[in-house]
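Assemble the complex: chain A is given as a structure, and chain B must be docked to it using the hints.
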Amino acid sequence: NAGVTQTPKFQVLKTGQSMTLQCAQDMNHNSMYWYRQDPGMGLRLIYYSASEGTTDKGEVPNGYNVSRLNKREFSLRLESAAPSQTSVYFCASSVEGSSTDTQYFGPGTRLTVL
Amino acid sequence: AQSVTQLDSHVSVSEGTPVLLRCNYSSSYSPSLFWYVQHPNKGLQLLLKYTSAATLVKGINGFEAEFKKSETSFHLTKPSAHMSDAAEYFCVVAGYSSASKIIFGSGTRLSIRP
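Protein chains in written order, with our numbering: chain A, 181 to 294; chain B, 11 to 124.
Just chain A, with the same shape it has in the complex (with noise of 0.2 Å):
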């Protein structure tokens, strides 16, 4: 049971490229998030997929888009990358969704924009 794993672990860009961050779990949850992790700010939310099917933005979605590719994987797409976009990025997700709920959290991908 490996819980929740991100690929790549590093990523260096330069602008204007794009790139995809993988998310997977084991876990049967139906709930998956994507989160970035800037100094001093904790995570926000960037989008988020309640089921299977369905996605929505969360607090920071510009420049960002994602693909819930079925109850397993949820992945986050880059575009064209920009020097703010520099982060770590964190996948997690969690049961249901509720505001109960439990998140588990991947080790995270750190993200470099030159």
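Hints were generated in silico from the structure; no laboratory data involved.
All figures in this text were calculated on a predicted structure; none of them were measured in a lab.
Built from N, CA and C at the ideal position, the CB exists for glycine as well.
Just to be clear, a hint being listed does not mean it is correct.
To be verified - One side of the interface only, derived from the structure: several residues of chain A facing chain B at Cβ under 8 Å:
1. Gly220
2. Met221
3. Gly222
4. Leu223
5. Leu225
6. Pro241
7. Gly243
8. Phe270
9. Ser279
10. Thr280
11. Phe285
12. Pro287
To be verified - Listed next, with one range per pair, are the computed distances between beta-carbon atoms:
13. B:Glu81 / A:Met221: 24 to 30 Å
14. B:Thr27 / A:Gly233: 49 to 55 Å
15. B:His20 / A:Thr282: 34 to 40 Å
16. B:Ser19 / A:Gly196: 30 to 36 Å
17. B:Thr65 / A:Asn250: 36 to 42 Å
18. B:Ile70 / A:Ser198: 37 to 43 Å
19. B:Ser36 / A:Met199: 35 to 41 Å
20. B:Leu56 / A:Thr234: 20 to 26 Å
21. A:Leu294 / B:Ser36: 35 to 41 Å
Chain B only, in chain A's frame:
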């Protein structure tokens, strides 16, 4: 609307002494409150959560937190710090009915002196 404020960005204690990490929240309704811990270069892990049951919540590794509605606080405590407690701690408030309305505090870095 809801918000969460962690009152200290950095707390340093000696090993074996008590730990107090302070968190105040604001919410228009009865909130769900969480403390998560992040060890260096790792994802976040749940320490404990309050979901309108007992106001004193016990978590993992000897941590506990008390929900005080009159003070709008949810401070995290531990009687005796251990070197392995050195980490970043996040207080989190979740919105009514949906975890997508989750708000993270900016974090408190806990250092333990030998």
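Status of each hint after checking the structure:
1. Gly220: Check passed: Cβ of Gly220 of chain A comes within 6 Å of chain B, closer than 8 Å.
2. Met221: Hint holds; Met221 of chain A Cβ to chain B Cβ min 6 Å, cut 8 Å.
3. Gly222: holds, 4 Å
4. Leu223: Interface hint status for Leu223 of chain A: holds (4 Å vs cutoff 8 Å).
5. Leu225: Holds, about 6 Å.
6. Pro241: violated, 12 Å
7. Gly243: violated, 19 Å
8. Phe270: Since chain B brings a Cβ to about 6 Å from Phe270 of chain A, closer than 8 Å, the hint holds.
9. Ser279: holds, 4 Å
10. Thr280: holds, 4 Å
11. Phe285: Where the cut-off is 8 Å and the nearest Cβ of chain B is about 4 Å from Phe285 of chain A, the hint holds.
12. Pro287: holds, 5 Å
13. B:Glu81 / A:Met221: 24 to 30 Å: About 25 Å separates the Cβ atoms of Glu81 of chain B and Met221 of chain A, which means 24 to 30 Å holds.
14. B:Thr27 / A:Gly233: 49 to 55 Å: With a Cβ separation near 51 Å, Thr27 of chain B and Gly233 of chain A satisfy 49 to 55 Å, so the hint holds.
15. B:His20 / A:Thr282: 34 to 40 Å: violated, 26 Å
16. B:Ser19 / A:Gly196: 30 to 36 Å: holds, 35 Å
17. B:Thr65 / A:Asn250: 36 to 42 Å: At 40 Å between Cβs, range holds.
18. B:Ile70 / A:Ser198: 37 to 43 Å: This hint holds: roughly 40 Å between Cβ atoms.
19. B:Ser36 / A:Met199: 35 to 41 Å: holds, 37 Å
20. B:Leu56 / A:Thr234: 20 to 26 Å: holds, 24 Å
21. A:Leu294 / B:Ser36: 35 to 41 Å: holds, 39 Å
Of the numbered hints listed earlier, those contradicted by the structure are 6, 7 and 15.
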